[in-house]
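Chains Y and C supply the protein sequences, listed in that same order. Heads up: the first sequence at position 227 corresponds to 227 in full-length UniProt numbering, and the numbers run straight through without jumps. Heads up: the second sequence at position 210 corresponds to 210 in full-length UniProt numbering, and the numbers run straight through without jumps.
No wet-lab data here; the hints were simulated from the structure.
The calculated label-pair distances, taken between Cβ atoms and stated as ranges, are:
hint, chain 1, residue 1, chain 2, residue 2, range
1, C, A341, Y, G93, 32 to 42 Å
2, Y, P54, C, A90, 20 to 30 Å
3, C, G293, Y, A251, 41 to 51 Å
4, Y, E73, C, A254, 21 to 31 Å
5, Y, G349, C, D247, 39 to 49 Å
Selected chain C positions facing chain Y (in silico; Cβ < 8 Å):
hint, residue
6, N159
7, T165
8, M182
All residues carry an ideal CB built from backbone N, CA and C; glycine is no exception.
The lines below spell out each chain.
Number of protein chains: 2
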Amino acid sequence: MTWSIGPDAIDDLARGAAVLGTGGGGDPYIGALLARRAIAEHGEVTAVGLDELPDDALVITVAMMGAPTVMVEKLPTLESIIDPVRAIGAYLGRPVTHLACAEIGGVNSTIPIAAAAVLGLPLLDADGMGRAFPELQMVLPTLSGISASPLGFADEKGNVGVLQTIDNSWVERIARVAAVEMGCSVMICGFAMSGAQARESLVRDSLRRCIGLGSGIARARTDKLDPVTRVVELLGGRELFTGKVVDVQRATTAGFARGTATLQAVGAGDDRDLTLAFQNEHLIASLGDGVSGDEVLVTTPDLIVVLEHDTGEPITTEGLRYGQRVRVVAAPSDPRWHSPAALAMVGPGYFGYDVPARRFDGTTAEGVSVTGVPAVTA
Amino acid sequence: MTWSIGPDAIDDLARGAAVLGTGGGGDPYIGALLARRAIAEHGEVTAVGLDELPDDALVITVAMMGAPTVMVEKLPTLESIIDPVRAIGAYLGRPVTHLACAEIGGVNSTIPIAAAAVLGLPLLDADGMGRAFPELQMVLPTLSGISASPLGFADEKGNVGVLQTIDNSWVERIARVAAVEMGCSVMICGFAMSGAQARESLVRDSLRRCIGLGSGIARARTDKLDPVTRVVELLGGRELFTGKVVDVQRATTAGFARGTATLQAVGAGDDRDLTLAFQNEHLIASLGDGVSGDEVLVTTPDLIVVLEHDTGEPITTEGLRYGQRVRVVAAPSDPRWHSPAALAMVGPGYFGYDVPARRFDGTTAEGVSVTGVPAVTA
Numbered sequence: 001m002t003w004s005i006g007p008d009a010i011d012d013l014a015r016g017a018a019v020l021g022t023g024g025g026g027d028p029y030i031g032a033l034l035a036r037r038a039i040a041e042h043g044e045v046t047a048v049g050l051d052e053l054p055d056d057a058l059v060i061t062v063a064m065m066g067a068p069t070v071m072v073e074k075l076p077t078l079e080s081i082i083d084p085v086r087a088i089g090a091y092l093g094r095p096v097t098h099l100a101c102a103e104i105g106g107v108n109s110t111i112p113i114a115a116a117a118v119l120g121l122p123l124l125d126a127d128g129m130g131r132a133f134p135e136l137q138m139v140l141p142t143l144s145g146i147s148a149s150p151l152g153f154a155d156e157k158g159n160v161g162v163l164q165t166i167d168n169s170w171v172e173r174i175a176r177v178a179a180v181e182m183g184c185s186v187m188i189c190g191f192a193m194s195g196a197q198a199r200e201s202l203v204r205d206s207l208r209r210c211i212g213l214g215s216g217i218a219r220a221r222t223d224k225l226d227p228v229t230r231v232v233e234l235l236g237g238r239e240l241f242t243g244k245v246v247d248v249q250r251a252t253t254a255g256f257a258r259g260t261a262t263l264q265a266v267g268a269g270d271d272r273d274l275t276l277a278f279q280n281e282h283l284i285a286s287l288g289d290g291v292s293g294d295e296v297l298v299t300t301p302d303l304i305v306v307l308e309h310d311t312g313e314p315i316t317t318e319g320l321r322y323g324q325r326v327r328v329v330a331a332p333s334d335p336r337w338h339s340p341a342a343l344a345m346v347g348p349g350y351f352g353y354d355v356p357a358r359r360f361d362g363t364t365a366e367g368v369s370v371t372g373v374p375a376v377t378a
Numbered sequence: 001m002t003w004s005i006g007p008d009a010i011d012d013l014a015r016g017a018a019v020l021g022t023g024g025g026g027d028p029y030i031g032a033l034l035a036r037r038a039i040a041e042h043g044e045v046t047a048v049g050l051d052e053l054p055d056d057a058l059v060i061t062v063a064m065m066g067a068p069t070v071m072v073e074k075l076p077t078l079e080s081i082i083d084p085v086r087a088i089g090a091y092l093g094r095p096v097t098h099l100a101c102a103e104i105g106g107v108n109s110t111i112p113i114a115a116a117a118v119l120g121l122p123l124l125d126a127d128g129m130g131r132a133f134p135e136l137q138m139v140l141p142t143l144s145g146i147s148a149s150p151l152g153f154a155d156e157k158g159n160v161g162v163l164q165t166i167d168n169s170w171v172e173r174i175a176r177v178a179a180v181e182m183g184c185s186v187m188i189c190g191f192a193m194s195g196a197q198a199r200e201s202l203v204r205d206s207l208r209r210c211i212g213l214g215s216g217i218a219r220a221r222t223d224k225l226d227p228v229t230r231v232v233e234l235l236g237g238r239e240l241f242t243g244k245v246v247d248v249q250r251a252t253t254a255g256f257a258r259g260t261a262t263l264q265a266v267g268a269g270d271d272r273d274l275t276l277a278f279q280n281e282h283l284i285a286s287l288g289d290g291v292s293g294d295e296v297l298v299t300t301p302d303l304i305v306v307l308e309h310d311t312g313e314p315i316t317t318e319g320l321r322y323g324q325r326v327r328v329v330a331a332p333s334d335p336r337w338h339s340p341a342a343l344a345m346v347g348p349g350y351f352g353y354d355v356p357a358r359r360f361d362g363t364t365a366e367g368v369s370v371t372g373v374p375a376v377t378a
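Start from the sequences and build out the full structure, keeping to the hints where you can.
Put into structure tokens, the structure is as follows:
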């Protein structure tokens with residue numbers, strides 16, 4: 001299916017992307033601003049479904065890399081969005097034919113729209129994760145053996161670089177320190193792949209899923225229905241917790257926004273706090289005092305989403321504030337994230353948490369439901 | 001003049017380069033090893049004088065970037081030497097015709113010989129500084145308006161990058177953090193220039209000057225003459241201090257070897273200590289207790305050279321050890337380093353020292369001889 005992304009779709013798309021961004025991927029307000037401006041100046045963007053993509057297409061993914069805490073203060077320029085795409089085209093010696101989103105998030109689903117508008121290129125209705133993750137190599141194409149190199153990066157000042165590394169983790173390491181030096185956020189593009197590779201390795205229909213989520217939230221509000229319940233239905237997830245933000249510990253270190261948020265239970269039943277540990281994205285949701293003996297409810301790679309209590313508006317990790325009344329939703333990630341190789345790349349252990357991966361429904365990777373698991377030790 | 005650099009010239013060249021390296025630029029033993037191995041495997045290297053260089057040549061400079069303390073422990077591979085040259089040739093879309101040394105130093109005058117041997121390219125008898133300086137933009141071509149970009153960099157693991165930045169300081173900033181992440185040293189190449197630009201902006205006859213210095217030291221030893229006196233004559237400098245190393249403070253931080261060395265006076269006359277402040281290279285030589293009211297004798301950009309007392313062997317900053325008996329020589333740098341623009345780039349103030357630049361003969365930039373100058377405050 002080929003369709004056109006116009007200005008009217010942007011707000012829904014950005015809001016839905018912020019839901020799937022699980023706290024990261026950038027602020028949807030800023031993402032929507034950028035995409036609307038690019039469409040107003042350069043025209044609507046053609047979205048192409050994976051089934052319509054020619055096998056010999058040259059697809060690259062486009063994203064913003066850096067700490068979301070900085071992204072909200074430093075808007076990228078349209079030039080810095082297209083500079084790395086041009087650099088990669090020159091490096092490869094042939095023109096890029098299609099752009100794709102590396103991840104889903106308030107900014108990282110809308111930046112590629114802006115890039116596609118300015119460059120006059122079609123954008124795939126697909127992405128590399130089906131959610132957001134903090135590190136560059138954490139995409140399904142890595143699991144399919146697709147190289148992140150050559151990777152282009154650029155800042156808003158006009159500095160541009162191209163990396164060709166021995167594996168996708170080295171791209172992350174070098175691009176991350178460059179991004180920190182260049183002002184804590186850069187635009188990147190890479191993971192050049194053919195149409196056939198894109199069909200195999202990307203998550204399909206991502207943009208329409210975002211629009212469906214965003215418009216679902218908006219329509220529930222109009223219809224005086226509960227938007228959070230609508231999100232749970234659309235994600236096939238479950239509501240995990242209702243509470244009030246009582247503490248947020250946050251530090252922007254090594255190019256990431258890392259921290260924890262403590263939510264105090266509101267209402268009847270279990271009165272334990274919920275602790276959310278995040279690195280750009282929410283990684284672990286656990287019940288208890290946040291120190292030891294906590295009960296881990298859900299972990300990466302499944303989705304942990306924080307929504308404003310009444311409106312269902314997604315709240316990014318950098319948007320968490322004392323006193324917010326929120327509801328936490330857990331939902332399944334793309335099934336490919338539960339393979340052993342994927343869990344080694346994005347499971348709790350990679351981020352320093354000595355707990356087994358726990359799915360959105362509370363089961364472990366082996367499908368066993370457990371309670372009273374080990375403490376979060378990171 | 002066009003001549004051939006064979007294995008017999010390497011030891012003298014590396015030793016002489018370490019003298020002009022003023023403590024930095026890498027260890028001459030390691031530099032000589034690399035160059036000899038490359039010549040043995042790939043043949044001798046043609047050295048080309050600036051007067052023989054065609055106007056339409058494509059010259060690039062080659063160097064190792066990083067902390068010398070790490071360079072002595074991590075030898076570059078021949079592949080990592082040629083990877084950035086190939087990347088720049090591909091980026092520019094035309095073949096590099098000549099290599100040049102970015103700076104003079106035990107490794108940074110011999111690495112380009114190794115690169116020239118492997119690539120089968122001629123090497124200019126010239127360099128970008130006439131000495132060594134710690135940061136990438138600190139070359140005379142920067143003062144001539146030549147861009148360091150595109151700059152190629154590569155590590156021994158096979159990771160390669162190309163930077164295109166808005167000015168030469170941004171190349172330094174981004175390449176430096178990449179170098180630190182890639183193991184604290186990388187091979188770099190950049191400053192692409194025409195033959196005409198090379199003739200205007202480079203220091204001429206550098207390699208023959210190094211060989212003359214190195215062989216002068218060796219011949220003085222054979223002839224039972226004083227090698228240090230010979231170095232002073234060849235550099236047109238003066239002997240500044242004779243003493244014993246009694247303290248070395250050294251830290252490898254942010255990709256540099258920074259520190260101070262204290263030398264205790266030996267012999268008659270002034271019994272004050274000499275303090276050498278360095279960042280890879282010696283920057284300031286001052287008499288006193290190293291705290292306040294010191295008398296600054298010589299500063300960057302002129303040359304401060306530490307030689308072993310009897311043999312005249314140059315000692316790099318990472319080679320300084322307690323108890324070494326040494327002599328310190330001061331000598332003039334290329335006159336272009338004394339322009340106001342140059343002093344802003346490489347003078348004491350740039351490195352955080354609130355003192356006027358002091359030439360090798362004790363005069364200030366205005367030619368005034370002074371004593372009792374302000375304290376070194378950095």
